[in-house]
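Number of protein chains: 2
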Amino acid sequence: MNGAESLVHTLVNEGVSVCFTNPGTSEIHFVSALDRIPGMRCVLGLFEGVVTGAADGYYRIAGKPACTLLHLGPGLGNGLANLHNAKKANSGIVNIVGDHATYHIKYDAPLTADIEGVARPMSHWVRKARTSMSVSADAAEAIGVAREPPGKIATLILPADTAWGGAEQVVCAPAFARRPPVSAHAVTVAAKALSGGGPSACLLLGDVGVRGRALELAGRIAAKTGCVISSEFNSSRLERGAGRVQLMRVPYVVEHATTTFEKTTQLVLAGAKSPVAFFAYPNKPSQLAPSSCHVTQLAAIEQDIEAALEAVASELGALNTPPAGVAELSRPALPGGPITLEGVGALLGTLLPENAIVVDESISSGRGFGSSTAGAPPHDWLSVMGGSIGFGLPCATGAAVAAPDRKVILLEGDGSAMYTVQALWTMVRDQLDVTILVFANRRYQILLGELADVGLGEPGKNAYDVLTIGRPDLDWVSIAKGQGMEAGRATTLEELAKEFKRGIASSGPYLIEVVT
Amino acid sequence: MNGAESLVHTLVNEGVSVCFTNPGTSEIHFVSALDRIPGMRCVLGLFEGVVTGAADGYYRIAGKPACTLLHLGPGLGNGLANLHNAKKANSGIVNIVGDHATYHIKYDAPLTADIEGVARPMSHWVRKARTSMSVSADAAEAIGVAREPPGKIATLILPADTAWGGAEQVVCAPAFARRPPVSAHAVTVAAKALSGGGPSACLLLGDVGVRGRALELAGRIAAKTGCVISSEFNSSRLERGAGRVQLMRVPYVVEHATTTFEKTTQLVLAGAKSPVAFFAYPNKPSQLAPSSCHVTQLAAIEQDIEAALEAVASELGALNTPPAGVAELSRPALPGGPITLEGVGALLGTLLPENAIVVDESISSGRGFGSSTAGAPPHDWLSVMGGSIGFGLPCATGAAVAAPDRKVILLEGDGSAMYTVQALWTMVRDQLDVTILVFANRRYQILLGELADVGLGEPGKNAYDVLTIGRPDLDWVSIAKGQGMEAGRATTLEELAKEFKRGIASSGPYLIEVVT
Chain F
1 MNGAESLVHT LVNEGVSVCF TNPGTSEIHF VSALDRIPGM RCVLGLFEGV
51 VTGAADGYYR IAGKPACTLL HLGPGLGNGL ANLHNAKKAN SGIVNIVGDH
101 ATYHIKYDAP LTADIEGVAR PMSHWVRKAR TSMSVSADAA EAIGVAREPP
151 GKIATLILPA DTAWGGAEQV VCAPAFARRP PVSAHAVTVA AKALSGGGPS
201 ACLLLGDVGV RGRALELAGR IAAKTGCVIS SEFNSSRLER GAGRVQLMRV
251 PYVVEHATTT FEKTTQLVLA GAKSPVAFFA YPNKPSQLAP SSCHVTQLAA
301 IEQDIEAALE AVASELGALN TPPAGVAELS RPALPGGPIT LEGVGALLGT
351 LLPENAIVVD ESISSGRGFG SSTAGAPPHD WLSVMGGSIG FGLPCATGAA
401 VAAPDRKVIL LEGDGSAMYT VQALWTMVRD QLDVTILVFA NRRYQILLGE
451 LADVGLGEPG KNAYDVLTIG RPDLDWVSIA KGQGMEAGRA TTLEELAKEF
501 KRGIASSGPY LIEVVT
Chain V
1 MNGAESLVHT LVNEGVSVCF TNPGTSEIHF VSALDRIPGM RCVLGLFEGV
51 VTGAADGYYR IAGKPACTLL HLGPGLGNGL ANLHNAKKAN SGIVNIVGDH
101 ATYHIKYDAP LTADIEGVAR PMSHWVRKAR TSMSVSADAA EAIGVAREPP
151 GKIATLILPA DTAWGGAEQV VCAPAFARRP PVSAHAVTVA AKALSGGGPS
201 ACLLLGDVGV RGRALELAGR IAAKTGCVIS SEFNSSRLER GAGRVQLMRV
251 PYVVEHATTT FEKTTQLVLA GAKSPVAFFA YPNKPSQLAP SSCHVTQLAA
301 IEQDIEAALE AVASELGALN TPPAGVAELS RPALPGGPIT LEGVGALLGT
351 LLPENAIVVD ESISSGRGFG SSTAGAPPHD WLSVMGGSIG FGLPCATGAA
401 VAAPDRKVIL LEGDGSAMYT VQALWTMVRD QLDVTILVFA NRRYQILLGE
451 LADVGLGEPG KNAYDVLTIG RPDLDWVSIA KGQGMEAGRA TTLEELAKEF
501 KRGIASSGPY LIEVVT
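Chains as they are written, first to last, in the working numbering: chain F, 1 to 516; chain V, 1 to 516.
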């Protein structure tokens, strides 16, 4: 057994059964070990941003880490933006990054780089394996870290000689850690803050707080107290749709958010952070709740959020109160005519299949889709948590790998889609069940808005050139075809309905260019 | 004047006249300043790997730095792999990376990251601007660093409030620094090492040593002493073709390289490093010259390599010796029949236009193209210096921006091309004069070779799956069309000749899928 084999055994034994990868020469012994040891599904990405983003999407749905296999510092660098997104989403990932043999580093061959330095900003844990004998123990520790609540990024650097050198043991990882409970005091303080104030109190939910029993408990607390219940602007996986408790969503635009919170006197955080502006702007606040608002942390993100909500509901006598704000099944009428964002939202509300996984990187186009889909059959909604674009296609890839029996719907901006467009190929190769809507507005619309918002007026030539992506227009049907994916174009809502139904009917990937 | 305006004035005043960019909200004041201050050409990339790779290619041809404008830690992360390549190529670049306003950082908004940490592994100099008043001075220092021989990566992080806050002055950068001379002792030792040994001595040239008068001087020294003159395996910009001194090239394959050097007793380095294996392999050496070989450094890469060679030639009495190894104009016959790599090489030798810039990321396909193009009209040959794939398309983009009057020929592997495929769009938008040959062998051929080389035998299912990129085949004509680029496919050498001539005749970009 060599180090690479001990590593693969360790991963497979611990249930790390998917490897998203783009390998190179320094990883060749790991690749070869995957041939000899059963139990690992290998998913190739043609660019490392696909690899790391897929691992993020996989964790959000599977609830356990995948591993990535990356090629030295530059390969890790290519994956960094989506590792940033994954880190902010608290998705657990075990990165394996190949390196030169330990004795080769000093010769400064072309691919030599400070891999630990590249890894550190986007990892919770970084280690370079010292010898082939200890690789399994290193991997076991990495797996343990990745599984720590609420999910962490562990990066193990694997010098080539620690892969090809001999190994003797396969080490077990620590079991999945339980989330630590919140204190009784935190429960009492939160219950008090939420009771009596009606809608001037807000319970803000994050992480697993927007799912399952935690979500239901939030609904019961709201019914009992009249408090507002809200998700953050983005959630890693929000359960919503008919039969589920419907949450407010913190707005993106600073003025909208501050208006939303202007009468809030008590803010209780359960797995969420006190809301802040996505960006700073001259003469606008960073914090979205008024300074007079009293902020209480019921549960930090790594704590047992569900148990904390249960305790609060119990203290409030709300455990049997029927939840407030449960969405009823309500499909809008199928819209027609020219494509408008309102029309697209209504169409999604009408046609979204039950139990779909919606991956949302529609940026400016998708802001209104939430209300029109609120009454659709139950579904999950996955948003980018780190703000780095190029998240959608890879996340949808990983989500589809994790849930082959569910339909994935990807809502994608054209600007964002280009960042990690290579994911189309992986979806085709692995025949992933993803229907992709690319909103082709031919511009970075959000930036044109920001330019106006900060009082810089109409764009001049240079600004217009770098904030729009027309000239030439991207032809998404050809881009998809180039990677072997079937695709269609919709210029009316009728065409979009037809294309969307075609995507839903397919068991493989399908792309729709939505000309907006 | 705000900080962003002072920054743009500083850049433009110093001749930094091209900004490769993909901006975001935190860079919006810089973008707006570009509207009001003339003198900066903005080139938009739809992914940051395009942006940084283009800045590398630009420097290699223009001989001066461009700036990049990138969006926080993730935007920089996306550009990191090609910054790695640029750093190893010693290309000077001024990176401007937007950040949150200084007071906003503590709120840990989604895009908050340790940008300095991300920058450091691939930068020679990193600074975060402290106030809007000092931004110009910071930029001037960055420009000075980027221009230090042989070219460096300077990364200036620009918090949004240092862009929108007031500024009063525009600071001048230090002038282009002269390369320091080598010592007289180094010249004497090198001259002695090269003389008398005939072909057992080797003069290994790097950086500017493979161009212009330095190259000619190397030819004179070889003629006088009988020494071997060689470039490294890769050169940032190698001048070659008819009328120029032809160099040996250090082979990639370890066994070939050690055989090449087995009789070398004296190795003299002029801007080059002692040759090392690209990767380490079990039971193969890291150093390619035998341990008995005596290695002398004539000139470090930052020193005045040309003057050093002049001094050596003078000491050897070779200043007027006609250079050895001057290539004669010699075009192979235009080949026909099925596509073979030998045939493609001959075709390039026949059809390569005079004064072309060849960007070579053909990896395994292109190893034999050197000999068949040695007698083509004079041209420059640009290779990837950091070993990170995804270099070719962006480098060709930047080279074409730097030299609008020259034809750029890009030799590109299909696997590598996918990494930064978004560059096609930039080439179309800016109507860059680039003819692209994508060698579509549908696999990471080099890795299949490495697998066999390290004794791991034939690939099994997992290895085969992650080392090949067929299933589905990439359709490069559609990929190009999707980004608005004209393209054709060649399945015979006759078709390739026709397509190549079409590309050469065009004044804009043209892509050819070469089915190998």
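Since the hints were derived computationally from the structure, they do not count as laboratory data.
By construction, the Cβ of each residue, glycine as well, lies at the ideal position given by its N, Cα and C atoms.
Keep in mind that a hint or two might mislead.
Unchecked claim - The list that follows gives simulated cross-link-like pairs (lysine-lysine, DSSO-like), each with its CA atoms no further than 30 Å apart:
no.	chain 1	residue 1	chain 2	residue 2
1	V	Lys273	F	Lys263
2	V	Lys461	F	Lys128
3	V	Lys284	F	Lys106
4	V	Lys498	F	Lys273
5	V	Lys192	F	Lys273
6	V	Lys284	F	Lys128
7	V	Lys263	V	Lys273
8	V	Lys128	V	Lys106
9	V	Lys273	F	Lys106
10	F	Lys64	F	Lys128
11	F	Lys284	V	Lys128
12	V	Lys192	F	Lys106
13	V	Lys284	F	Lys192
14	V	Lys192	F	Lys128
15	V	Lys263	F	Lys128
16	V	Lys461	F	Lys106
17	F	Lys284	V	Lys284
18	V	Lys461	F	Lys64
As the list claims (entries may be wrong) - For the chain V half of the interface with chain F, some residues (derived, Cβ under 10 Å), not all of them:
no.	residue
19	Asn13
20	Gly15
21	Ser17
22	His100
23	Cys172
24	Asn234
25	Val428
26	Tyr464
As the list claims (entries may be wrong) - Where chain V lies over chain F, by a calculated footprint (3+ residues, C-beta under 8 Å):
no.	segment
27	197 to 205
28	347 to 360
29	408 to 421
30	424 to 435
For each hint, the structure was consulted:
Distance restraint check for Lys273(V) and Lys263(F): the Cα-Cα separation of roughly 67 Å exceeds the 30 Å cut-off, and the hinted pair is therefore not satisfied. Between Lys461(V) and Lys128(F) the alpha-carbon distance is near 29 Å, which keeps this suggested pair within the 30 Å criterion. Among the hinted pairs, Lys284(V) with Lys106(F) is consistent with the structure: their alpha-carbon atoms are about 16 Å apart, no more than 30 Å. Simply put, Lys498(V) and Lys273(F) have alpha-carbon atoms about 62 Å apart, too far for the 30 Å limit, and the pair is violated.
Between the alpha carbons of Lys192(V) and Lys273(F) the distance comes to roughly 70 Å, so the proposed pair goes past 30 Å and is violated. Among the hinted pairs, Lys284(V) with Lys128(F) is consistent with the structure: their alpha-carbon atoms are about 23 Å apart, no more than 30 Å. Between Lys263(V) and Lys273(V) the CA atoms are separated by roughly 19 Å; this keeps the pair inside 30 Å, and the hint holds. For the given pair, Lys128(V) sits about 15 Å from Lys106(V) by alpha-carbon distance, which is consistent with the 30 Å threshold.
About 13 Å separates the Cα atoms of Lys273(V) and Lys106(F), which keeps this hinted pair within 30 Å; it holds. Proposed proximity of Lys64(F) and Lys128(F) is supported: the alpha carbons are some 23 Å apart, at most 30 Å. Distance restraint check for Lys284(F) and Lys128(V): the Cα-Cα separation of roughly 23 Å lies within the 30 Å cut-off, and the hinted pair is therefore satisfied. For the hint pairing Lys192(V) with Lys106(F), the CA-to-CA distance comes to about 29 Å; that is within 30 Å, so the pair holds.
Note on Lys284(V) and Lys192(F): the hinted pairing is violated, with a Cα-Cα distance of about 70 Å set against a maximum of 30 Å. At roughly 44 Å between alpha-carbon atoms, Lys192(V) and Lys128(F) are farther apart than 30 Å, so this suggested pair is violated. Taking the CA atoms of Lys263(V) and Lys128(F), the gap is about 38 Å. The hint is violated against a cut of 30 Å. For the given pair, Lys461(V) sits about 35 Å from Lys106(F) by alpha-carbon distance, which is inconsistent with the 30 Å threshold.
Restraint check: the Cα-Cα separation between Lys284(F) and Lys284(V) comes to about 62 Å, which exceeds 30 Å; the hinted pair is violated. Distance restraint check for Lys461(V) and Lys64(F): the Cα-Cα separation of roughly 25 Å lies within the 30 Å cut-off, and the hinted pair is therefore satisfied. Using the Cβ-Cβ criterion of 10 Å, the hint placing Asn13(V) at the interface with chain F is not satisfied: the shortest such distance is roughly 17 Å. Checking Gly15(V) against chain F by beta carbon gives a least distance of about 18 Å; that is not within 10 Å, so the hint is violated.
Hint status for Ser17(V) relative to chain F: violated, with the closest Cβ pair at about 13 Å, above 10 Å. The beta carbon of His100(V) is positioned within 10 Å of a beta carbon in chain F (closest approach about 6 Å), and the interface hint is therefore held. Below 10 Å, beta-carbon pairs count as interface contacts, and Cys172(V) has none with chain F, the closest being about 24 Å; its hint is therefore violated. Because the closest C-beta pair between Asn234(V) and chain F is about 7 Å apart, less than 10 Å, the hint holds.
With its C-beta approaching chain F no nearer than about 5 Å, Val428(V) sits inside the 10 Å limit, and its interface hint holds. Among the interface hints, the one on Tyr464(V) holds; its C-beta lies about 8 Å from the nearest C-beta in chain F, closer than the 10 Å criterion. Under the rule that three or more residues need a Cβ within less than 8 Å of chain V, the assignment of the segment 197 to 205 of chain F is violated, with 0 such residues. With 0 residues bearing a CB less than 8 Å from a CB of chain V, the segment 347 to 360 of chain F misses the requirement of three and the coverage assertion fails.
Coverage of the segment 408 to 421 of chain F by chain V holds in this model, with 4 residues showing a Cβ closer than 8 Å to a Cβ of that chain against a need of three. A count of 3 residues in the segment 424 to 435 of chain F with a Cβ less than 8 Å from any Cβ of chain V is obtained; the coverage claim is therefore met, three being the minimum.
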